[in-house]
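Novice: Letter by letter, the chains look like this.
2 protein chains.
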Amino acid sequence: MIAERLQALRNYMASKNLDAFIIPSTDPHQSEYVADYWKLREYFSGFTGSAGTLIVTQNIAGLWTDSRYFLQFEDECKHTEVQLCKQSIPHAPEHVAWLCDLLNENAVIGVDYRQFSKSQIDYILSHTTQKQIQLQNEPHFAKDIWIDRPELPNFAIDVHPLEFSGETTASKLAKVQAAIEKHQADYYLFSALDEIAWLFNIRSRDVDYTPLVTAYALVGKEQSFLFCNTQRFSESSIAAFKQLNITITEYDAIATLLPGLSRQQKIITDAASLNYACFEAVEGQFMFQNSLVKELKAIKNAVEIEGAKNCMRKDGVALTKFFIWLEQELEKRTISEYEIGRKLDSFRQQQEYYTGESFAAIVGYKGNGAIIHYTAPEVNSSMVHKEGILLIDSGAQYKDGTTDITRTIWLGGIPSTKIKTAYTGVLKGYIELEQLQFPQGTTGAQIDAFARVHLWKNGLNFPHGTGHGIGSFGMVHEPAQGFAIGPTTVRGTTPHLANQLTTIEPGCYVPHQFGIRTENIVLSKVVNETDFGTFLGFEALTLCYIDTQLLAVEMLTASEIGWINQYHKLVVEKLSPFLNTEENKWLQQKCKAI
Amino acid sequence: MIAERLQALRNYMASKNLDAFIIPSTDPHQSEYVADYWKLREYFSGFTGSAGTLIVTQNIAGLWTDSRYFLQFEDECKHTEVQLCKQSIPHAPEHVAWLCDLLNENAVIGVDYRQFSKSQIDYILSHTTQKQIQLQNEPHFAKDIWIDRPELPNFAIDVHPLEFSGETTASKLAKVQAAIEKHQADYYLFSALDEIAWLFNIRSRDVDYTPLVTAYALVGKEQSFLFCNTQRFSESSIAAFKQLNITITEYDAIATLLPGLSRQQKIITDAASLNYACFEAVEGQFMFQNSLVKELKAIKNAVEIEGAKNCMRKDGVALTKFFIWLEQELEKRTISEYEIGRKLDSFRQQQEYYTGESFAAIVGYKGNGAIIHYTAPEVNSSMVHKEGILLIDSGAQYKDGTTDITRTIWLGGIPSTKIKTAYTGVLKGYIELEQLQFPQGTTGAQIDAFARVHLWKNGLNFPHGTGHGIGSFGMVHEPAQGFAIGPTTVRGTTPHLANQLTTIEPGCYVPHQFGIRTENIVLSKVVNETDFGTFLGFEALTLCYIDTQLLAVEMLTASEIGWINQYHKLVVEKLSPFLNTEENKWLQQKCKAI
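Chains A and B supply the protein sequences, listed in that same order. Our numbering applies: residue 82 is where the first sequence begins, and numbers increase by one. Our numbering applies: residue 82 is where the second sequence begins, and numbers increase by one.
Check the hints yourself; a few may be wrong.
Copies of the same chain are indistinguishable here, so a pair counts whether it falls within one copy or spans any two.
Restricting the straight-line Cα-Cα distance to at most 20 Å, the calculated cross-link-like pairs of lysine to aspartate or glutamate (EDC-like) are [what the hints assert, rightly or not]:
| hint | residue 1 | residue 2 |
| --- | --- | --- |
| 1 | K538 | E641 |
| 2 | K538 | E515 |
| 3 | K538 | E459 |
| 4 | K97 | E219 |
| 5 | K263 | D182 |
| 6 | K655 | E123 |
| 7 | K606 | E515 |
Keep in mind the hints are simulated off the structure, nothing from the lab. Just so we're clear, the structure is a prediction, and the values are computed from it rather than from any experiment.
If we strip away everything but chain A, and leave its shape as in the complex, we get (with noise of 0.2 Å):
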């Protein structure tokens, strides 16, 4: 199947003369999660991880990727001819020097200029002048070949309320509003999806996962457009838009109106997100900066953190309970990985405002645990006995707050001392890192290596950075802070500023053997202020036991003993009131001292 579909990509290249096609993993909004629609790399190569480049040439079918989906990849393309190209830094695009090298000068690579940012786009072309290599835009080529493609989404849009935004729609654009008049531009254009449904305050379910709208949204002084199919909103909201100056209009008509704008006017958008088609069809003139609304998003308002406080102690309850069944269940039998991660889900469903899963939920038995994005499959997932070790990544999306969150429990037997040093490991630089006090400004690649040194004294590591922004119901990885072991990357290079939320998941994997990474968000927050600056310190937020049967209690301080015990404190004080006595004695006993 693959090799036809790659036959047929090599057929439509040689009749345009194209020497190499790049197919990325993204959609005209540099979205991680994309809808059906846009799942060309996954068409023409098989391989879904959410992060890949499939480059094709007569010759060679090549899929970049990280190491965290090296195994994934052996597992979903061994059957074809795609070969694994090995990145060695996640979004790096490695790929680019590697094909420049590849091909002739004067070659022409094909592209679909939506698939790429602005910024994207320059750097490869910084890599193929010396060749003369061309870019050839290729809206169509996938048009004769996948011919069953899916719709775009056209689902209805709510409208997210203030009770859980924090902010009108109407404060918000004042904001960018006043950034426009600050730079003395024309307009504020917006293309990533998670900007635009904060900004207009909208939600929808257009891809799995993260409840976005496909849109693009041009701000202006005083009226503003958002490119989104007007029939998906109700009359009422259409009104209310109306009340605030903005224009619903048809997705499409992005395409139109940007050509329309005089030559003289100017333009602030972030080259990072604009797609190239959209960049190549203004005549006016555009600033380039650092969007404004992925940093104000990024500092969450006290509705926001008020609402993901409520989502921890709901993900607290419903990760509680699933525990209690899966200990009381595998007495009785085995369990496949795929049915306890649809368990765990059901669990969440119960709680208010739940409306599902921020990612497909990780659940990796032994071995499996090792695949860092390891997702069971529903037929034939590993079967999960009352003894060894399983590491569960799950999270969710409720109306109020977006949920992520890594735990790795013991079910039996008598762990190794690898095991229990890995896991000790782990939880110090999780320890480590949380409880760090850091100049404000400080960025991610200075204080990553805090979750690691603990890890790095017994010789271990793990292969990816140690966190990422989080949403507020919106996605699960917000950009644009984060801990990331490259200092180049956006995350190792973002300011962690007051008030906003990260995860903090150091991790360990042997493969074939085991994973471990525990997860907490925790929440920045200024713990000092002195002469030297504003120092920040970060709050756990997430509640929900730690399992002690895999510490080894000796590697711990008092400090590091003095933690837990504290944590685990606040878990019981937090979630007993919304357990039964039973669960409650359960969970009182997980949470013991040490």
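Guided by the hints, dock chain B onto chain A, whose structure is given.
Specialist: Positioned in the frame of chain A, the structure of chain B alone reads:
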């Protein structure tokens, strides 16, 4: 005087229709310390700091430098029109965007291309293009202004013998030639003076503090050229170079030889050190790469490491004798900071292979210690009494190595809690980073913060990087590895590898009150090899007591106390054979276990 010079420059600018002039602090080799001939920025501004860029327009004279130099600037430039422009990141070209904002479209900026690297001009051009601002090469702008400009240095050149270098020029050249073959190039062009000194095993005294030779080098597959005035070499060394197919050619001949290369020839060079005048002179094709010699030189061989250890022992002996002298002399009289610096140097002069200081010693009493790059003036420097705090940062060039050490000592009275907290936080940070085990290839920005974390906990910090590489009878600040706060700096992004020498030097500064810094040189070594990779650790090579009077012992963990006692045991053990009985008694007292 500065006013007259600036006026003359402005007259020149007017005659040439220049709207601005950029005068950096460097020479055609991107040197940190430059020969007097190249001290143009000092000549036109009066500012003598080692980092800073002067920008002159008809209305403004602005000196861009970072926080290490703010107090020094205020002192040196207070009677001039020169304004301080504060850089937030050391060495970052923040003035470029500022200048482009200031100037009108089509403005012309004068520069001497020799003073800018290819990378720097590219950076400037990336900012000037939008407003069509032009750069104009002005190599002779100072000719009729700076009448008594010093000559370029012309001292005799010494061969650096195998007993100190540990590797022959033939062996080093072979590695460069292998790289030329590998990249199918014809030449490797070097212009960084420390790289040339290392590659050809030559030393001289062209600039203060650094035993380098003003030269360019062009290495070919068989024939190589060293551009450096012929009369500086002995006949025997010219003959020895001839045996290696190395031709000594006059320094200025670079300007005629480069244009003579054919268009077909490929030259590998480092855009970060190649000056733009050389870049423009070449007809052939450049291949820009990080300099191979910079990478090779940063890994010390066994002879260089042995030399470094000898130098640390010699420095330790000199410092011990000096501190004894200081303590005894302060019983009798007060002593100026300047005299203290000279006296310290006199103790080092008694050590074998001493050739000079490796930088201008910093002797900062009380508030002067807070001026990070303070130099005590020869006349009217502060008088040091038998009380309070004194910071001394100094180093030497020995033929077998280069040293750099900082100690902060207490001279009498009762230290405040504030001082003790800061001092203890600094030492805890030093220990934290020195004791770290980390994967080979970890960059400086990833682990710099380990030296800060104990200061951060107390609301303290320091506004400079935590350490730098150091040469072997070479530059005291040697690229490229180090520990830097900025994730985009060279020291922040360079991987640490085994057998490198690097300083660890956290500090804490309270203006007008005190400065604290503790600095050792450490050697990186492989400490573990596992399935997760190769792990490095550091070994402290510097040997000098650390003043325990300033420690808040209650802030120290048992393991930190263990480190201090173990280090002091080592200091006594290594230095005692070179001290007399009385000196030994004194040192044992300073090093007694806490």
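Novice: Give a verdict on every hint.
Specialist: Verification of the hints:
Proximity of K538 to E641 under the C-alpha cut-off of 20 Å is found in both arrangements, the shortest distances being 17 Å within a copy and 16 Å between copies. Taking the shortest Cα distances, K538 and E515 sit within 20 Å of each other both inside one copy (19 Å) and across copies (13 Å). Taking the closest pair of Cα atoms, K538 and E459 never come within 20 Å of each other, the shortest separation being 39 Å inside a single copy and 49 Å across copies. Proximity of K97 and E219 under a CA criterion of 20 Å is satisfied intra-copy only: 10 Å inside one chain copy versus 51 Å between copies.
Taking CA atoms no more than 20 Å apart as the test, K263 paired with D182 passes between copies only; the shortest distance there is 16 Å, against 44 Å inside one copy. Taking the closest pair of Cα atoms, K655 and E123 never come within 20 Å of each other, the shortest separation being 43 Å inside a single copy and 65 Å across copies. When the C-alpha separation of K606 and E515 is checked against a cutoff of 20 Å, the pair qualifies only within one copy, where the shortest distance is 11 Å, while the shortest distance between copies is 30 Å.
Checked against the numbered hints given earlier, the structure breaks hints 3 and 6 and satisfies all the rest.
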